[in-house]
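Sequences and hints are given; from them, build the entire structure.
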Amino acid sequence: MIKINNLNFSYGKHRILDAINLSFEASQIVSLVGPNGSGKSTLLKCLCRILKSTDNTIFIDGKALEHYSRREMAQLIAYVPQQPVLNLAVSVIDAVKIGRSPYIGYTLSKNDENIVFKVIEQLGLTELAFRSLRELSGGERQRVLLSRAIAQQARILLLDEPTSALDLKNQLEMATLLRAIQKQQQLTVIVAIHDLNLAARISDSVVQLKQGKIYAHGRWDETMTEQSILEIYGVQAFLSEVQGFPYMVSLNAVPDRDDPPSGIDDGDLPKRGASK
Amino acid sequence: MNELRTTYRTLVRKQLSKIGMTFLLLLLLIAFAGSLGVKNVSILQVFYIILDYLVSDEIFAKVSELDRRIVLYLRLPRIALGVVGGATLAIAGVVMQGIMRNPLVSPFTIGISPAAGFGAAIAVLLGLDLITGGSYWVVLCAFSSALICATMVLTISVFRGAQSTTLILAGIALTYFFGALINTTQFIATEEQLTVIVHWTFGSLNESKWEEVVIILMMLAGTLPILFRYAWCYNALNQGEEIATSLGYGIKSIRIATIVIAVLLTASVVSFTGVIGFVGLVAPHIARFIIGNDHRYLIPFAGIIGALLLVASDTIGRTLFSPVIIPVGIVVAYIGVPMFVHLIISKKQDYFS
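Top line first, the protein sequences correspond to chains A and B.
Using my numbering, the first residue of the first sequence is number 1, and each one after it goes up by one.
Using my numbering, the first residue of the second sequence is number 277, and each one after it goes up by one.
Hint data in this document are derived by calculation from the structure and do not stem from the laboratory.
Mixed in with the good hints there might be a few duds.
[Said to hold, decoys possible] Under the rule of at most 16 Å between Cα atoms (straight-line distance), these lysine to aspartate or glutamate pairs were calculated in the EDC-like manner: (1) 52(A) <-> 518(B); (2) 3(A) <-> 25(A); (3) 110(A) <-> 279(B); (4) 52(A) <-> 517(B); (5) 213(A) <-> 241(A); (6) 528(B) <-> 518(B); (7) 52(A) <-> 18(A); (8) 183(A) <-> 167(A); (9) 118(A) <-> 518(B); (10) 213(A) <-> 18(A); (11) 52(A) <-> 66(A); (12) 210(A) <-> 231(A).
Pasting the structure below:
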């Protein structure tokens, strides 16, 4: 459904995406993982044309992205950025109904209104619908952003770190919600995510990015290995399985104080038990 | 869902009734302002005169010819210019704030007023105001000078993607620049020219003509549909530029179009009236405070508030020390600044971001 063909992207001289070749099937959740700066956000922004890539590199349903009109794009792809600078003096319902704007002229039709109400109910925001975003917690705001994207009724949903700013419970709720909605509406979801364990729980397949290049693309059991985590993140990890999902524990996230990695002068780190 | 719908409908109705009530208030103010002056005419008579004029002659033949003339040719054009001028300045302000997502921005922060003032001063200096049709030469010079300034500011800021910071900074720089140019013209002007220039910068609705009202109305009629079309884009921008882009809005081009329209509107008003800029900043804020951030309601509502503010100020200005007329540019600041300060320090200040 989505096909990426030799996609390159640079900011000035700095190459962010390097010869990306990918294809995504419809109605699946795909996780984009990789260290900070590996190009996850940039890839998402290229997919919804916030960043303009070269022509004939991204195809949706066989049609190159630049041949869709802005409105068609908005009806096809919804995007939730990582931490948008929101105007908080807007009510939840006003924020969600903006998702209908690619379909309407000046006023919301009854049908559009119903879609907005339905999404608000589905995401459990009914009680908050007429409050301003200022009065909401981080988790609730994230849900509002997701509601807006769902009200957009696009077949493709792009999410940039939807759980990173949330606490443990909210992360899980967001993940569950996402999975449920994806199943119900048969959405194609591409989600950039840092938490590998959470990613494993929600997604059908994973794209591992390393310095703007695809490291691997495949199912979890194929791609999430101790070897790949070491090569992508430079972190020694231990992999296990919990409730049928892969579960990763990092082992040397904090450098061993008694044996600092090469390149760091001994004097930089306080010795264990050393006193001054 | 039904509960949501009921609450939502009530809310929409409330918004619309706020707009309707304020509009009624404006109509009342217009009639009231028309009745006030050196020669008092009753509010009812003002209505008769207007109806008489609109429908046909002398259905309501209770009004004297003198009153009719005073109201039709002296007071109403003045009030009408106040209404369309105030509305235009406020609308220009509200869309500028909306597209830049910045409460500081108005067409005046990009240096339009001193630029228009400079244009007018040049016209006076060249003696253009003394030849036949002179007042239009002043208007034309003010208008072109304002546009030149705006073009310079826009060009500078477009280099940096038309971000609000660059726009404001470039605006401040050019405000000083055109301020210096005005000072230079005042420095070399003769005594009489100086009086004319200074009076122009006060900003007043004196000697308003119907033609001026019509010209501004035409500008509004040409641009307002575009601004209304962008209303959803301004709403989407409440959630940041990336979301607005992903919703299908070409932010950069809409931003430039909005600024150009706001500048044209403001310049056309200011060229006729002189500097009455504060309406363009304070009216949008009052409107936002009352009706919220949905630009579909906000744009017309800000227009009504702007009209109210300007007509009220002008009426106070010409009746308080009658027969002396205090220029409306002065009065509007005296009234608007305390209101604005109140808005800033009141607890509900967070209506913008």
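Taking the hints in turn, this is what the structure says about them:
Of the supplied pair hints, the one linking residue 52(A) and residue 518(B) holds, its CA atoms being roughly 13 Å apart against a limit of 16 Å. Between residue 3(A) and residue 25(A) the CA atoms are separated by roughly 9 Å; this keeps the pair inside 16 Å, and the hint holds. Taking the CA atoms of residue 110(A) and residue 279(B), the gap is near 15 Å; set against the 16 Å cutoff, the hint holds. Proposed proximity of residue 52(A) and residue 517(B) is supported: the alpha carbons are some 15 Å apart, at most 16 Å.
A C-alpha spacing of about 28 Å is found between residue 213(A) and residue 241(A), which places the hinted pair above 16 Å, so the restraint is violated. The straight-line distance between the Cα atoms of residue 528(B) and residue 518(B) is roughly 12 Å, inside the 16 Å bound, and the hint therefore holds. Proposed proximity of residue 52(A) and residue 18(A) is supported: the alpha carbons are some 15 Å apart, at most 16 Å. For the hint pairing residue 183(A) with residue 167(A), the CA-to-CA distance comes to about 24 Å; that exceeds 16 Å, so the pair is violated.
Restraint check for residue 118(A) and residue 518(B): not satisfied, since their Cα atoms lie roughly 25 Å apart, outside the 16 Å limit. The suggested pairing of residue 213(A) with residue 18(A) holds, with an alpha-carbon distance near 5 Å, which does not exceed 16 Å. Proximity of residue 52(A) to residue 66(A) is assessed by CA-CA distance (about 9 Å); at most 16 Å being required, the pair is judged to hold. Of the pairs offered as hints, the one joining residue 210(A) and residue 231(A) holds, with about 9 Å between alpha carbons and a cut-off of 16 Å not exceeded.
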